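Student: Protein chains in written order, with the numbering used here: chain A, 1 to 245; chain B, 246 to 686.
Everything labelled a hint here was simulated from the structure, so no lab data went into it. Just so you know, these numbers come straight off a predicted model, no measurement behind them. Be careful, since some hints might not be right.
Quick list of simulated restraints, FRET-style, between CB atoms [to be verified]:
#: 1; chain 1: A; residue 1: 139; chain 2: B; residue 2: 270; range: 55 to 65 Å
#: 2; chain 1: B; residue 1: 620; chain 2: A; residue 2: 186; range: 35 to 45 Å
#: 3; chain 1: B; residue 1: 535; chain 2: A; residue 2: 139; range: 34 to 44 Å
Backbone N, C-alpha and C fix where the C-beta goes; we use that ideal spot for every residue, glycine too.
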Amino acid sequence: MLVIKDLHASINGREILKGLSLQVNAGEVHAIMGPNGSGKSTLSAVLVGNPAFEVTSGAVTFEGQNLLELSPEQRSCLGLFLSFQYPVEIPGVSMVNFMRTAVNEHRKCKGENPLNAGEFLKLMREKQSIVELDKGLVNRSVNEGFSGGEKKRNEIFQMAMLDPKLAILDETDSGLDIDALRIVANGVNQLKRPDKASIVITHYQRLLDYIRPDVVHVLYNGQIIKTGGPELALELEEKGYDWLK
Amino acid sequence: MTQYIDFFNSQRQKIEADCASLVNSFREKAFETFRKEGFPAFPSEDYRHTDVTNCLKADYGFYLDRSTIKIDPRRTFHCNLPHLNSYGYFLINGYFYEEAAKNPLPGGVFAGSLNRFAEQYPDVFLKYYNRQANEKGNGLTAFNTAFVQDGYVLYVPENRLIDKPLQLTNLFVGTIDALANRRILIILEAGAQAKLLICDHTAEENTAFAGTQVSEVYVGENAVFDLYELEESSKKNVRLSHLFIRQETSSTVMLNGITLSNGITRNNCYVDLNGEHAEIHLNGMAIADDRQQIDNFTLVQHHVPNGRSKELFKYVLDENAIGAFDGRIIVAPNAQKTEAYQNNRNLLSSNACRMYSKPQLEIFADDVKCSHGMTTGQLDENALFYLRSRGIPEAEAILLLKFAFTADVLQQIRIESLKDRLKLLVEKRFRGEEIRCQACI
């Protein structure tokens, strides 16, 4: 599904990813772990096309398409989704308006007619329940005044609405209390299907207790230095990262 | 300006011919003031970005005889606010358009021509006309008083409520470049309530129109007044407006000035809070591109304790547009417990557009709550990326963010149908769609 080959990327002239390669197949859950500053968030940002980062060399294909030449919105319509580590607050744009625009853009890409108001509201109610998102939140501005947990739940809600093929969860567990973590993880698991995949970026084993990965990678200094099964995450939890360097 | 002095001297008879004698009785003194002071100097402290002399330099014609304007606005003009259930009025090239009233106004309320009002209510007219303009105005307001031939008056006697909003449409028509001088007088006696929408329109894209407008508003004790001014004129239009507001004890005013399309606009707004617990919400929004210019000047004076003023002005500029905001608040030494807040936020969408903002607070009392804030910047890149990452195309995402930026100004409009309609017009404006006039009224 996703193939990354020798990817180099930098921000403001500073190289962060230094030859990263990774392959994710349909049905798989990959966990990417690593210390602060290793390039985890850069990887997620580059995959969804954040213009602040510059790809200097390497290749990324998603279902055979060259991802790097596509705009962020095109990547989204292809089925890529990033749950942001720091979701952005957008005063004045209501959640309803935001999601209706996004969902209908996705439908347009697939050659489908836009949803009418009734159909859209039905879809929204259905997906809200997955993440136990408070009904009132969707009538507010995007993320404005949301608590940390609400913002993360809102990310998973958007994911449920857009039904991506590949979801990237960037430190979705950070700042979440145990109940919120359970709700978020539960939401992610409900969306798991054999034709879909996800990449879970995290510092801690904790989230992986809820979202069981098939493959665990260790990212360090812009490269993947070790890959293993779920047991690798436990080992990292116990020993830290130093033994790998 | 000499052209106007000569014109006044030679055409005075024609200017006065069709006007009420009371309206004429103010000309002599005003003309002397104008002759002495001229138009506001440029560049000067308060006129740093709008050159009035230059704006009125062109050889504009005057419609001195109203009978030369033959138009039925109900047939030819299509307003953008079709579903607004209102009492409608027109000023065409500055002249009040007389027509049989479809719906009678509540008893005692007058809404109509300045001249007719002067004749019917001479005492009220003399009590209010030109009082604020004379005290606080300048050479330009004197020019208006000297040349004005008609205008609009809304007079709401004590404790009268008007059940529906009133809508006054300023319409410029004709193929001759023309200057019109309008006068608006609004009197709400104690306990009265009214909502007025004033729209500026030009019927011709290719004719250069200039309008001077002097509005005097008197809001009595406990009275509540909403004034919405909406400009949808053309690129060759010049609008020079002075709005004077005097508020008595416990009165409330909601003001919202929205510039959707224009040429050169200068709006001066002077507010005097003369009675305790008076409150004003002073809002404005400007959307400009091409070479449009919008210059808003506000002066709010807290003369007495316990007053409240809240200002919010937002600009969205693109291409070569120029925006200016000059906001002055003066809190007098005895005006304790004053609350005065001012906020100016500007969004610049191109490298060539320019914004000049000058917040000024002069506080002479020591027990007050006052604040001012100003930001000028570009669209939030993070927000833009966030929207795009959900599949929303860049152009659409920019539109959503621009629209969101203006939302809090529109939110304050207290006529629901107008608010809904304006949201649509603003969105269309950002989309660059023709917003001119679908069928209505």
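Student: If a hint holds in the structure, say so; if it does not, say that too.
Tutor: Checked hints:
1. As the Cβ distance of residue 139/A to residue 270/B is approximately 58 Å, the hint placing it in 55 to 65 Å holds.
2. For the pair residue 620/B and residue 186/A, the beta carbons lie near 41 Å from each other, so the given range of 35 to 45 Å is met.
3. Hint check: residue 535/B to residue 139/A, Cβ distance near 37 Å, so the stated range 34 to 44 Å holds.
Figure legend: structure checked against the earlier numbered hints; every hint is met.
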